[in-house]
Amino acid sequence: GEQVEQLPSILRVQEGSSASINCTYENSASNYFPWYKQEPGENPKLIIDIRSNMERKQTQGLIVLLDKKAKRFSLHITDTQPGDSAMYFCAASARGGADRLTFGKGTQLIIQP
Amino acid sequence: EAAVTQSPRNKVTVTGGNVTLSCRQTNSHNYMYWYRQDTGHGLRLIHYSYGAGNLQIGDVPDGYKATRTTQEDFFLLLELASPSQTSLYFCASSDRAGNTLYFGEGSRLIVV
Chain A
1 GEQVEQLPSI LRVQEGSSAS INCTYENSAS NYFPWYKQEP GENPKLIIDI
51 RSNMERKQTQ GLIVLLDKKA KRFSLHITDT QPGDSAMYFC AASARGGADR
101 LTFGKGTQLI IQP
Chain B
1001 EAAVTQSPRN KVTVTGGNVT LSCRQTNSHN YMYWYRQDTG HGLRLIHYSY
1051 GAGNLQIGDV PDGYKATRTT QEDFFLLLEL ASPSQTSLYF CASSDRAGNT
1101 LYFGEGSRLI VV
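Chains as they are written, first to last, in my numbering: chain A, 1 to 113; chain B, 1001 to 1112.
Hints are computed from structural coordinates only; laboratory data are not their basis.
Accuracy of the hints is not assured; some may be wrong.
Unchecked claim - To give an idea of the chain B side of the interface with chain A (calculated C-beta under 7 Å), a few residues:
(1) G1017
(2) N1018
(3) S1022
(4) D1038
(5) G1053
(6) L1055
(7) T1100
(8) L1101
(9) F1103
Note that CB positions come from ideal geometry on N, CA and C, so glycine has one too.
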């Protein structure tokens, strides 16, 4: 199976600054890496994903980087806003999609005014 | 957006009790999943299914059974509930070639 490590578990940043969350995986065959955001009392929702044929992907203030050699991927949130406060989960799959995802333990992002 | 509905939303049962969590999706997705969410553990896959009558074992299946009766309906069964199964349970679905998991609203189970 796959193992996904996610750090940090809690991240506090000042509003307007950037936030970075890092994940590592073990299975070199993993080829799909999504990020889910879970707001308090809500269900997780996909915010961005990247496949193994890419090294970088960006959308609406979110940047995902993938380093296949190091088996590491990361989420960067630029110009953080109060609405970015949430739990973030990284995940990995060797099956190319949502099938058989292994999630990290999550990062609680707190945006401080 | 995909609609995934779970019931009950909240449940309290006693140790040794019998619990069924229900999930229905109305978007013709083939794949359905049951996850549990616990602080410090994230989301862990219990069981999943590729279609009606199909069942696959996830990462933490011990103490759980599941049945996929139709394309729409996926049930999680706890036949002898234990306090360690106190958790927030999420059902999710995805289409065959899709990348996105659509989660339900969650079912909070407390076993006393």
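Evaluated hints:
Taking 7 Å as the C-beta contact cut-off toward chain A, the hint placing G1017/B at the interface is violated, the least distance being around 26 Å. At a threshold of 7 Å, the smallest CB-CB gap from N1018/B to chain A is about 26 Å, leaving the interface hint violated. Interface restraint check: S1022/B against chain A, minimum CB-CB distance 16 Å, threshold 7 Å, status violated. Here the hint on D1038/B is broken, as its CB sits about 9 Å from the closest CB of chain A, past 7 Å.
For the restraint placing G1053/B at the interface with chain A, the shortest Cβ-Cβ distance is roughly 18 Å, beyond the 7 Å limit, so the hint is violated. Taking 7 Å as the C-beta cut-off, the interface hint given for L1055/B is violated, the closest approach to chain A being about 14 Å. Using the Cβ-Cβ criterion of 7 Å, the hint placing T1100/B at the interface with chain A is satisfied: the shortest such distance is roughly 5 Å. This hint holds: L1101/B has a C-beta 5 Å from the nearest C-beta of chain A, less than the 7 Å allowed.
This hint holds: F1103/B has a C-beta 4 Å from the nearest C-beta of chain A, less than the 7 Å allowed.
Of the numbered hints stated above, those contradicted by the structure are hints 1, 2, 3, 4, 5 and 6, listed in ascending order.
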